[in-house]
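Line by line, the protein sequences are chains G and D. Sequential numbering from 1 applies to the first sequence in our numbering. Sequential numbering from 100 applies to the second sequence in our numbering.
Simulated from the structure, these hints should not be mistaken for laboratory data. Remember, it's a predicted structure, so these values are computed and weren't measured experimentally. Just so it is clear, CB atoms sit at the ideal spot from N, CA and C, and this is done for glycine as well. Incorrect hints may appear among the rest.
Stated by the list, open to error - Pairwise CB distance ranges, derived in the manner of DEER restraints: (1) G:N39 with D:Q543: 43 to 51 Å; (2) G:H21 with D:Y438: 18 to 26 Å; (3) D:K478 with G:K19: 29 to 37 Å; (4) G:K42 with D:G224: 31 to 39 Å; (5) D:E122 with G:N91: 40 to 48 Å; (6) D:R417 with G:E45: 32 to 40 Å; (7) D:K484 with G:N43: 16 to 24 Å; (8) D:K132 with G:M99: 52 to 60 Å; (9) D:E368 with G:E80: 52 to 60 Å; (10) G:K42 with D:K340: 42 to 50 Å.
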Amino acid sequence: MGKKILSREEILHLAGLAKLHLSDEEINKYQGQLDETINYIKNLEELDTSKVVPTNSVVDLKNVTFEDGAENKKGLTVGESLSNTKETEKNEFAVKRIM
Amino acid sequence: MLLGKTLVELKELIDSKEISPDELFKYFMQRIKKYNPKLNAYLTLNKDVDFKNSGVLGGIPLAIKDNFCTYGLRTTASSKVLENFIPPYESTVTARLKKENAVFLGKTNMDAWAHGSSTETSDFGATKNPWDLTRVPGGSSGGTACAVSSYLAPGGIGSETAGSIRQPAAWSGVVGLKPTYGRVSRYGVIAMGSSLDCPGPLTLCVKDAALILGVIAGHDSMDATSSPRSIENYLEALKQKKSYTIGLCDDYFEGLDRDVLNAVEKSIEVFKKLGFKTKKVKLLSPQYAISVYTIIQRAEVSSNLSRYDGIRYGNDRRSFGDEAKRRIMLGTYTLSYGYYDAFYKKAQKVRTLIIEDFKRVFTEVDFVIGTPTPITALKLGEFEKYPFFGELMDKFNEPGAMAGIPGISLPVGLDRNGLPIGMQLMGSYFREADILNAAYLFEQETDYYGVIKKGIHNYE
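Using the sequences and the accompanying hints, generate a full structural model.
Next up, the structure:
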């Protein structure tokens, strides 16, 4: 077994960034599996892209905006917005104390 | 006798009053009650249905993949995170189907968050392949593919990020169309890879695919990435008898099971008989598209799944399954400080190369032919042995998905184990009408060698 690309600490750091709680078993498993994947995707180094412009989107659209004053059809009412939450207080989302 | 009737045929029966929409709905509900317990194609059945005969799809029952938000009807993306989520809004795709008075039988199973190619990563149990209950139907739109193949729905909606319509269509033996990215609105589809996601139909025939595409395609102000280009009359396009040039690329025939290879080669002969020309072409190896896809899709997953905080809706992040966590972890890695240029930006650059590659080839030929999947349906549990294996299984779909081009999967026979084999045609941007036209000519010539009919008659 060669040295792992990602250390246990790095796995824990990534899990922290992504707000995931991993068990010891998961940490070991993902460490191995991410190594396997990272080793595979390194094949892109074989391609010269020094003069290539990156693609963000395949659709040929630029600066898609709403017209001023257009109706916002995506809006939800307070009742709709709260319809799937577990905890509400005074018609607002209730969260645990942060400070 | 309703068994096996296509959407177009059922519509005629409704229009001539030989059957009413509620009778038709009950017919499918009875079949679902009988067969769904062993197939697990549906997660949630619809009870609140309004029957109307008018509209392009008036009274036509459809199966909807569970990542399309349906107003008032539970939508889970097959994840425990959303096990009780009742959408307060409707996706554009389902809204357009409802506007034409289609009725929804229910929501179909999928890989959780559409992460997978087997429908096994569903938090609500795997869907079974109707051809062999010990095998997977493919995925991630495996529930819809299974429902259509076993006639628990006469047609349905799936979505693709890279292969999630075409691959289950191939493994379950039905027709699956992945449109051009931006042709069909993503609004209200639970986001997975936002620069890739693409809704499309799974059906029993090409006419049905054309019918549904005509309803769901077109610009949507709710999705800023949807194309303003006007849509074609896809059904009308089937009436023309055109001749096309098909591109043959060696890389797309590499590593195929011998039965799959033989079936695809036989399909090429059918197209030649229909007057099509063939031409050898060269494309970038799919090996690179696998990497580009893995990097960009995981990055978009880690971003899209960051919204699940358990506060506004759904359960908290402890409810994520194994595959979602693995993908979030890799996406977080490739987007994180110090690795962004090496992975994400590099992948975006190679994505440009893939796009240019297809654009060049499509000046020489109309389509590139191949298969959506190098082998036929795997046994339940086989995917789990190889975490990265699913990506290798989708290697023929990932180049087209990264480029955003359309493709169709058609059944072209059975392998030595009696499992369906798929063939696919990929075309250039917004050439859906031509893809459907070529597929329709193939259908008329072969009737898919009886595969679709046989699949349905396994569930009399």
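Here is what the structure says about each hint:
Distance hint check: the CB atoms of N39 (chain G) and Q543 (chain D) are about 47 Å apart, consistent with the given range 43 to 51 Å. For H21 (chain G) paired with Y438 (chain D), a C-beta distance near 23 Å keeps the hint of 18 to 26 Å intact. About 35 Å separates the C-beta atoms of K478 (chain D) and K19 (chain G), a value consistent with the hinted range of 29 to 37 Å. The hinted window of 31 to 39 Å between K42 (chain G) and G224 (chain D) holds, with their beta carbons roughly 36 Å apart.
The supplied range of 40 to 48 Å is met by E122 (chain D) and N91 (chain G), whose beta-carbon atoms lie about 45 Å from each other. A beta carbon spacing of about 37 Å between R417 (chain D) and E45 (chain G) agrees with the range 32 to 40 Å that was offered as a hint. Range check, K484 (chain D) to N43 (chain G): about 22 Å between beta-carbon atoms, so the 16 to 24 Å window is met. Roughly 54 Å separates the CB atoms of K132 (chain D) and M99 (chain G), a value that falls within the hinted 52 to 60 Å.
One distance hint, 52 to 60 Å for the beta-carbon pair E368 (chain D) and E80 (chain G), holds here, with the actual separation near 56 Å. Against the hinted window of 42 to 50 Å, the Cβ-Cβ separation of K42 (chain G) and K340 (chain D) comes to about 48 Å, which satisfies the hint.
Against the hints set out earlier in the document, no violation occurs for any number.
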